[in-house]
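Colleague: Here my numbering is used: the first residue of the sequence shown is 1, the next is one more, and so on.
Keep in mind the hints are simulated off the structure, nothing from the lab. From the three backbone atoms N, C-alpha and C, an ideal C-beta is built for every residue, glycine too. Among the hints, a few may not be true.
Straight-line alpha carbon distances no greater than 20 Å define the calculated SDA-like cross-link-like pairs of lysine to any residue that follow [stated by the list, open to error]: (1) K85 x D38; (2) K9 x H24; (3) K104 x K85; (4) K123 x S93.
Each pair of labels, with its calculated beta carbon distance range [to be verified]: (5) H24 x P68: 15 to 23 Å; (6) D90 x S120: 24 to 32 Å; (7) S114 x E50: 26 to 34 Å; (8) E99 x H21: 34 to 42 Å; (9) Q89 x P68: 17 to 25 Å; (10) Y66 x K103: 35 to 43 Å; (11) V106 x R6: 56 to 64 Å.
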Amino acid sequence: MSTILRTLKNLRRVGLKDAAHQMHFIGDTKAGTLIAKDKYGNKFYENLEEELPLRTRWVDYKDSEYDPSQIEPGWHAWMSYVIDKPPTQDPVSQTQVREWEPKKHVPVMTMSRSAYRPYSTTKNKYASWMPVAKPR
Numbered sequence: 001m002s003t004i005l006r007t008l009k010n011l012r013r014v015g016l017k018d019a020a021h022q023m024h025f026i027g028d029t030k031a032g033t034l035i036a037k038d039k040y041g042n043k044f045y046e047n048l049e050e051e052l053p054l055r056t057r058w059v060d061y062k063d064s065e066y067d068p069s070q071i072e073p074g075w076h077a078w079m080s081y082v083i084d085k086p087p088t089q090d091p092v093s094q095t096q097v098r099e100w101e102p103k104k105h106v107p108v109m110t111m112s113r114s115a116y117r118p119y120s121t122t123k124n125k126y127a128s129w130m131p132v133a134k135p136r
């Protein structure tokens with residue numbers, strides 16, 4: 001959480017609508033430069049002057065139900081400070097899809113309606129006990 005002065009300064013810089021959006025999804029107001037937008041509509045920002053170390057990069061997800069697996073591998077490497085340049089400027093990241101990478105990025109569906117749910121096809125080893133009462 002930031003101070004009131006920093007929040008008011010960021011509110012002035014980003015506007016009321018974006019500040020309300022950030023407070024709802026991030027829980028803080030942040031102002032920075034838009035680095036790029038990926039093919040899924042996620043926006044990536046960076047602010048090196050005012051933010052704390054290792055909090056200078058952030059993503060604004062397109063969907064309201066977001067998951068970190070919705071970020072492409074190149075952008076994930078940039079977000080976690082593995083590479084210094086974003087994938088739009090890094091020549092290694094611009095080689096596109098390698099043969100060992102999946103051809104289409106699919107986010108992890110764990111804890112969602114589309115999650116894989118296995119079912120058992122075997123009988124239980126033990127049956128639950130049902131008490132039998134004698135008639136009186």
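Colleague: Range first: 34 to 42 Å. Now tell me if the beta carbons of E99 and H21 are that far apart.
Modeller: Taking Cβ atoms as reference, E99 and H21 lie about 39 Å apart, which means the hint holds.
Colleague: Given the hint of 56 to 64 Å, check if V106 and R6 actually sit that far apart at their C-beta atoms.
Modeller: Distance hint for V106, R6 is violated at roughly 38 Å.
Colleague: How does the Cβ-Cβ distance of D90 and S120 compare with 24 to 32 Å: does it lie in that range?
Modeller: The hint (24 to 32 Å, Cβ to Cβ) is violated, given that D90 and S120 are roughly 47 Å apart.
Colleague: Quickly compare the C-alpha distance for K9 and H24 to 20 Å and report which way the hint goes.
Modeller: holds, 18 Å
Colleague: Could one say that the CB atoms of S114 and E50 fall in the range 26 to 34 Å?
Modeller: violated, 39 Å
Colleague: Are K104 and K85 close enough, with their CA atoms no more than 20 Å apart?
Modeller: Roughly 23 Å between the alpha carbons, so the hint for K104 and K85 is violated.
Colleague: Given the proposed pairing of K123 with S93, does the C-alpha separation stay at or below 20 Å?
Modeller: violated, 50 Å
Colleague: Please test the hint of 35 to 43 Å on the beta carbon pair from Y66 and K103.
Modeller: Between Y66 and K103, where Cβ atoms are some 23 Å apart, the hint is violated.
Colleague: Checking one constraint from the list: CA of K85 to CA of D38, max 20 Å. Satisfied?
Modeller: Given pair K85, D38 holds - Cα atoms ~15 Å apart, limit 20 Å.
Colleague: Do H24 and P68 keep their Cβ atoms within the hinted range of 15 to 23 Å?
Modeller: holds, 18 Å
Colleague: Would you say the C-beta atoms of Q89 and P68 sit inside 17 to 25 Å of each other?
Modeller: holds, 22 Å
The structure fails hints 3, 4, 6, 7, 10 and 11 (numbered hints given earlier, in ascending order).
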